[in-house]
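Peer 1: One-letter residues, chain by chain:
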Amino acid sequence: MMEKMTLIVPSHPKYLYVIRSALYPVVIGSGFSKKEARKIVLAVDEACSNIIKYAYEGDYSGTIALKVFVDRTKLKLELMDSGKKPDVTKIAPRKLDDIRPGGLGTHFMAEVFDRVEYDTSGAAGTVLTLEKTHS
Amino acid sequence: MMEKMTLIVPSHPKYLYVIRSALYPVVIGSGFSKKEARKIVLAVDEACSNIIKYAYEGDYSGTIALKVFVDRTKLKLELMDSGKKPDVTKIAPRKLDDIRPGGLGTHFMAEVFDRVEYDTSGAAGTVLTLEKTHS
Amino acid sequence: MKVEIVTEKIELGFLLRLKGDVDMNTSSDVRNALAKVFKQESSGMKALLIDLSQVRYMDSSGIATLVEVMQNCVKKGARLRLFELSPPVRDVFELARLASVFEIYATFNDAVMGL
Amino acid sequence: MKVEIVTEKIELGFLLRLKGDVDMNTSSDVRNALAKVFKQESSGMKALLIDLSQVRYMDSSGIATLVEVMQNCVKKGARLRLFELSPPVRDVFELARLASVFEIYATFNDAVMGL
Ligand SMILES: Nc1ncnc2c1ncn2[C@@H]1O[C@H](COP(=O)(O)OP(=O)(O)O)[C@@H](O)[C@H]1O
Ligand SMILES: Nc1ncnc2c1ncn2[C@@H]1O[C@H](COP(=O)(O)OP(=O)(O)O)[C@@H](O)[C@H]1O
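Residue numbers (the numbering used here), protein chains in the order written: chain P, 222 to 356; chain A, 222 to 356; chain F, 120 to 234; chain G, 120 to 234.
Since the hints were derived computationally from the structure, they do not count as laboratory data.
Here a beta-carbon is modelled for each residue, glycine too, at the ideal position from N, C-alpha and C.
Take these hints with a grain of salt, some might be off.
[What the hints assert, rightly or not] Have a look at the derived ranges for each label pair, beta carbon to beta carbon:
#1 G:R175 - P:K256: 18 to 24 Å
#2 P:T294 - G:K138: 28 to 34 Å
#3 A:D318 - F:A154: 55 to 61 Å
#4 F:N151 - P:D292: 32 to 38 Å
#5 F:A154 - P:D292: 46 to 52 Å
#6 G:R150 - A:D319: 56 to 62 Å
#7 F:K128 - A:S254: 51 to 57 Å
#8 F:S219 - G:R175: 42 to 48 Å
#9 F:G196 - P:K256: 52 to 58 Å
#10 G:R150 - A:E278: 18 to 24 Å
#11 P:G279 - A:D319: 31 to 37 Å
From just these sequences and the hints, can you work out the full model?
Peer 2: What follows is the structure in structure tokens.
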């Protein structure tokens with residue numbers, strides 16, 4: 222796969238806009254429709270929000286790294302943090318008919334991507350891999 | 222200085238848009254006006270165009286790395302490539318009253334930034350440092 | 120990258136226009152603006168109308184805010200009606216399967232009908 | 120990230136509307152569109168008017184393209200008039216000190232006056 226972008230920003234919510242702004246044209250450029258690209262960007266934004274909330278527990282002095290890879294058949298994204306590793310068995314969306322604030326981010330990720338994988342085997346932090354095949 | 226962003230993209234002109242999109246909100250966020258931010262982004266775009274044209278000589282398989290640092294008094298940008306090193310003594314804008322296509326990029330950089338410095342002392346490629354103090 | 124909220128008192132209650140990006144960074148601004156509205160309505164409002172045509176982006180924290188607003192409206196006996204959802208808002212409603220949970224209208228005129 | 124060019128034949132010659140980002144990646148599209156215009160004008164055009172209100176970004180390659188167009192217009196004896204420069208276009212003209220080199224007008228109506 223070809224590496225198309227690496228972006229590293231502080232773990233502060235104001236950089237979510239920066240991540241979205243940089244990612245959207247790269248996704249469009251790799252052949253997804255505007256609607257698909259908007260959903261991909263949304264799901265990545267949710268993953269980054271979760272890194273800020275859960276991995277860094279609101280500490281803005283960490284970093285979030287995003288890598289984008291592309292080949293003819295798919296888009297692969299890697300999100301890296303050096304925060305607290307999650308208990309992967311506990312990451313779960315709420316039931317959608319349980320209407321309450323929150324609990325949607327992981328649902329969006331599962332809905333948008335064909336592969337969602339948390340790798341906590343590294344020395345520090347987590348690598349979240351998100352993959353989507355061209356439809 | 223605090224590091225606010227690292228962005229690495231291929232040396233292809235279609236990524237100029239990605240660089241501009243990511244950089245603009247970071248510059249705004251560091252306290253520059255919209256007009257100043259637009260000019261800073263323009264000057265960085267010109268520096269990146271020059272990397273593609275002169276350092277990589279149109280070879281799109283290289284990379285451009287942009288780092289953004291901020292402190293209370295100034296914004297510092299570093300642009301790194303691994304292409305051909307320039308003959309720094311020969312980088313010069315055209316005279317402005319010599320109206321012809323081209324020769325404006327380096328003029329914009331000199332106009333917008335307080336410091337423009339090419340460092341070719343590394344093993345490969347160039348580090349271009351651009352600095353602007355808050356007015 | 121910022122969100123702007125314009126609040127207008129109308130006969131039926133309040134009309135809110137959201138503009139910009141509603142994400143983890145800005146949804147608290149929306150929440151605060153709405154808290155003010157609920158404080159203001161002393162005499163009991165009939166309806167809260169929210170114009171979403173100028174929203175360039177909304178994530179799950181924006182959805183969470185709207186769900187809270189809906190719960191507040193139910194408590195106060197007011198109707199919450201959303202109208203003119205921009206394409207990115209429609210995307211996130213679709214993904215959250217929320218189209219049937221909220222009262223959604225194409226235009227302001229449609230939204231005030233029958234209130 | 121793309122540039123769109125809409126060409127309209129008008130009595131005086133041609134009206135071009137540029138939309139989007141004019142940079143190293145897209146300025147060749149603008150150059151090609153303009154080359155077509157110069158080919159089309161068999162009978163000799165009086166003026167070429169360019170609407171820059173929808174240009175979200177322009178860099179020195181966009182300026183270079185406009186300078187070439189100006190040189191072509193001079194050769195053909197046609198007037199080149201730019202109008203409604205968007206803020207980013209005004210920035211780059213300012214930095215390039217080009218405001219006095221081009222004929223620049225606030226609106227289309229101003230631009231066609233006296234032609
Ligand atoms: N990166 C993460 N690290 C640790 N826990 C996480 C992470 N992402 C999600 N979770 C857990 O999964 C739950 C569901 O996440 P999500 O669907 O994004 O909704 P919300 O964040 O609104 O609760 C969270 O409440 C949290 O407990
Ligand atoms: N990164 C670079 N490496 C080598 N030469 C450069 C570089 N940047 C600029 N130059 C030289 O400086 C000249 C002026 O550059 P510039 O003002 O950007 O205008 P233009 O690229 O249109 O010629 C170029 O023509 C080139 O010879």
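Peer 1: So, for every hint listed, does it hold in this structure?
Peer 2: Structure-based check of each hint:
no.: 1; hint: G:R175 - P:K256: 18 to 24 Å; result: holds, 22 Å
no.: 2; hint: P:T294 - G:K138: 28 to 34 Å; result: holds, 33 Å
no.: 3; hint: A:D318 - F:A154: 55 to 61 Å; result: holds, 60 Å
no.: 4; hint: F:N151 - P:D292: 32 to 38 Å; result: violated, 45 Å
no.: 5; hint: F:A154 - P:D292: 46 to 52 Å; result: holds, 48 Å
no.: 6; hint: G:R150 - A:D319: 56 to 62 Å; result: violated, 21 Å
no.: 7; hint: F:K128 - A:S254: 51 to 57 Å; result: violated, 34 Å
no.: 8; hint: F:S219 - G:R175: 42 to 48 Å; result: violated, 38 Å
no.: 9; hint: F:G196 - P:K256: 52 to 58 Å; result: violated, 37 Å
no.: 10; hint: G:R150 - A:E278: 18 to 24 Å; result: holds, 21 Å
no.: 11; hint: P:G279 - A:D319: 31 to 37 Å; result: violated, 56 Å
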